[in-house]
Amino acid sequence: MSPFDTDFANISRRRFLVVSLSAAGGLAIGLALPDLADAATMSPEPWTQANGNEINAWILIEPDDTVVIRVAQSEMGEGVFTALPMIVAEELGCDWNKVRAEYASANRNLRENNVYVRMLTGESSAVRHSREFLQQAGASARVRLIQAAATRWGVAADDCAAGDSRVTHAASGRSLSYGELAAEAAKVKLALEPAIKTPDQYTLIGQPLGRLDTPSKLNGTARFGIDIRLPDMLYTAVVTCPVFGGTVKSYDAKAVEGRRGVKAVVPVPGGVAVVADRFWRAKEAVAALPVTWDEGTAAGTDSTQFAEAYRAALNGKAATARKEGDVVKALAEGKKVEALYEVPHLAHAPMEPLNCTAHVQGDKVDVWLGTQYPEMALQLAAKAASVRPENVQVHNCFLGGGFGRRAVNDELVQAVTVAKAVGKPVKLVWTREEDMRHDRYRPQAAIHFEAALGADGEPTGLRVRTAVGSILRSLGWGNTDDGLEPAAVEGLANQPYRVGALDVSCVLKNTHVPVMFWRSVGSSQNAFAMESFIDELAYAAGEDPYRFRRKLLAGKGDFLDVLDKIAEKSDWDKPMPPGKGRGIAIHESFGTIVGEVAEVAVSPKGELRVERVIAAVDCGHVVNPRTVEMQIESGIVYGLSAALFGEITIEKGAVVQGNFDDYPVVRLADMPRIETHLALSGGSKWGGIGEPGTPPIAPAVCNAIFAATGKRIRRLPIKDVDLSGQRS
Amino acid sequence: MVAFTINGSRQKFDIEPETPLLWVIRDELGLTGTKYGCGIAQCGACTVHVDGKAVRSCSMQVGDADGATIVTIEGLSPDNSHPVQQAWLAEDVPQCGYCQSGQIMAAVAFLNEHPEPTDADIDDGLTNICRCGTYMRIRAAIHRAAAILKDNGDAP
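Line order of the protein sequences matches chains A and B. Under this note's numbering, think of the first position of the first sequence as 1, with each following residue one higher. Under this note's numbering, think of the first position of the second sequence as 1, with each following residue one higher.
No lab work stands behind these hints: they were computed from the structure. Worth double-checking, as some hints may not be accurate.
[As the list claims (entries may be wrong)] To give a feel for the contact side, a few chain A residues facing chain B, derived at Cβ under 8 Å:
1) R211
2) L218
3) T431
4) N659
All C-beta atoms in this analysis are idealised placements derived from N, C-alpha and C, irrespective of residue type, glycine included.
Isolated chain A (complex conformation):
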C-alpha cells in the first residue's frame, strides 16, 4: 500500500459529532511583510490566521459573517482553493461572497488525530476523495447554526431555515446572521448528523465561479514560498553532487568566507550550502566554492546505456499485471502487429524553483514552503532538526507549480539543516539549474506490444510488456517485492478495449536516477504507447482509427460518449488538406475519461505545428466547470511540452539539461486552440481533473502526424524525429 492510499471506510459521519474549540495552529512568529492591499476574497497569505468562532475544523465564522473555510489540499494552480470551499459552502448555505479560504494546519492534523483526514495533493484526488466529508462538514455546521437560532428563539429547529448566511423563522419573521449565531452554534452537539445533498440538489456546485485566489495573483501579493521574508533572515544557495547519490569529498570554505555578505558554509545531505545576507551573494559564492565530489559508480552511465538496458529488460523476467485467455495461442495465428515504444526521463520544471524558509528555535521548528504533502514535510522537518513532530509548524504557501515534484521536499531537509546550524531563519532557494538537475524525474521506459488481428480485422490477442523505473523503490515507499507497481502499468493493465486474449506484464528496473510522480504518472507514458499502438492496429486492420476504437469499446457507454463527442466536434470525417492530419486518442486516468483529437500541420521541411485540440471529458460530475476547462487546457499544454520537446538526458551520470534554453517548453506561439467539451456520465462517478487531460495529447498528436505524413513516432520527444519529405 502506498502512502497515497487512504482508508476511507472509517470516515463516517460520526467524526463530526466532536466539536473542536481548540486554537488554530497559527503563525508562530511575526512576519516582516510589506503593506498589502486587501484582497476581496482571500488573504494573499494562505496559511492559518483566522480568528472567530470555529464551528468545526473546516469552518470558522467571524462576527461580520465572513466564513473561513480551511483547505487541506495544496493550491498549485488546479483550483482547490475554490473548488473545495464550494463543496463546503454548498451545504453551509452561506453567501459565497463572504467566503475566504485558508490552509488547514498540518500540525493540528497531527495533534488532533488526523482531523483533516488527508492533506496530500496528488492522484487528482482533492474533490473525489474529500467531497463527502467536506459536504458533511458544511451540513453539520448549517444544522448547528439552525439549532442555535431555534434555541435562542425557543422554537422548533424544523420551523427554521438557513440560507444566504442567515437563519430565518418564517412564522415570526425573525432572522439572525451566521456571524451572530456562530458562538452558540460552536457549542451545539448533535445527536445525529444530517444527511448530505445528492447531486440533483446542488445549487452552488456546478456553477462556473471565478477563482478566489485570482485577485492576489494579479498584483504580486499572492505569497509563494520564495516570497517569505522574516526578521534577521539569511539566504542560502546550495550545490549538490551532479551525479545522483554522490557525496562531498572535500570543499574549501576559506575560498569564499571572505566574500561580501557570506556568513557561513554548511554541509547538507549530498552537498554544501553557502549562507549570506543576500541570495545573489550566496549564489555567487556557492558557484565559486571549490568542491571535490565522490561521484560513485554511476558516474560512467548515460541515457543511451539506459535505453539499451530497458530494451534488454523486456526479454527478462516480468511480473504479470493482468492475464486473460491464451495469448500465446492467439498470437500464433492471424495478422501480427508488433511495435516498441520508448520514452525518456522528464523534469517537472515548475515555474517556481524549489525553495524553503526554515527557522529552528530550540526544540521548535517553523518551515514555510509550497508542499503537496504537508504531513510528510512536517515529519521531514522534525527528523532533520531532531525535534518531536508536534513541535513543527508547516506554513504552506501558494505553490508556483507542483505537478508531483512538491510531494517530496528535498529542499526542506536542506533548509532545516542549515537553519539549525546557523541559528537564524534561513531562506534556501534552488537555482533553476539545481531544480532541473536534482529533480525526481518521470521514469524512462520501454514498452513492447504484440497483437494479432483476425480475418475480420478484430484483435484476437494483445501482449504488452513495460520495462520502467519503479517510483516506489526510488522513494523507498511501499513494497514491490512481487515486481509490480500500479503506476507502472496504469493505462495498460486497465486498458478498456476488447482485444481478445490479453497479457500485461512489467519489469521494474531502476537506475541511480531518482524517479517520481509526474503529472498523470504511469499514464503519461503508457497512454502514449497504448493509444499509438491501437492506432497502428486500426491501420493494420484497414479501418478508420475512430471507428476502430468505437468497435472495440462497444458496450462502454461512457467511453463511447467521449469518443463520439470529440469525433463530432472535430468534424472527424471532413477530409484534411495535404500536409495536415487529425489524430485521436482516449484514456482513462484518476477516474476520468478524456478523449482528444489533435489537428497538426507538417511542412515539407518537417516543421510541425499543432493547430487545434478538441477535448471531451467525463469526470462524472463537475464542481466548477471553469476549473475543469482550465485544467484540461493545462494538462494538454503540459503533455504537449513533453511530447514535442521533453527530454532529460544523462551523461557521465549527471543531467545534461539545466534551464529552459536546453529544456524547452511550449510558449504562446506554439499554442494550439483548445476546445473542451463535457460528456458527463453522472451517477456515482466522481473523477479527478488535474491530471487526466495530459495522457491523451502525446498519442493524439503522434497519430495526427501519422495521418499527415505516414510517419509513426515510437520514441519521444517528437523534436528528435525528422518529419521532412512527407507524402502528399
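Place chain B on chain A using the hints.
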C-alpha cells in the same frame, strides 16, 4: 552607489553593480511580486518596466539601471484596476499564478507598442513561459485589455 526611482519612490543602494536588478527588487526592496524563474532571461517571470520598456530583470545588472525609472507589478495599480489586470481577472487567467506578474508586465508594455494586436503580433511579442499553460487565456485577456484601453482612450 546605485540610485533609481521605483514605483514612484527614489531608492539608493550600496551594492555590487553587477547584481541582477531582480535580486535588488526582491531582496533589498522586498517587492516579491517580481519572480525568479530561470536567471537567464528565458522565462520572463521577472519582467519589470525600465524607462517604460519591458525588461527581464534577472539579466540586467543593477548598475545599468542607475538613474532609471522602474515600475514593478506592485506599481501597476494599487487595486487591480489597470485595464490589463481587469482583463486578466475577467478571463480568470492565473492558475498557479507564479509567472503572472511577469506576464502582466510584459503585456502592458506590449500593448503600448501594439494597441490593436493581431494573434500573430501576440505570438511574436509575448514569449514568457507559463508551465500551467494559461496561454489561451492570456491571448484572450490581451485582446480584451486592448478593447478596454481603446474604449477608455487611454495609454496603457
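Exercise for the section: Tell me if A/T431 is really an interface residue toward chain B, meaning its C-beta lies closer than 8 Å to one of theirs. Expected result: The hint holds - A/T431 has a Cβ within 8 Å of chain B, the shortest such distance being about 6 Å.
Handout entry: Per-residue hint verdict: A/N659, partner chain B, C-beta under 8 Å
Key = holds, 5 Å
Practice task
Please verify that hint: A/R211, Cβ, nearest Cβ of chain B, below 8 Å or not.
Solution key: This hint holds: A/R211 lies near chain B, its Cβ roughly 6 Å from the closest one there, short of 8 Å.
Exercise for the section: Would you settle whether the hint for A/L218 is holds or violated, based on the nearest Cβ-Cβ distance to chain B being less than 8 Å? Expected result: Nearest chain B Cβ about 5 Å off; hint holds.
Consistency note: the structure conflicts with none of the earlier hints.
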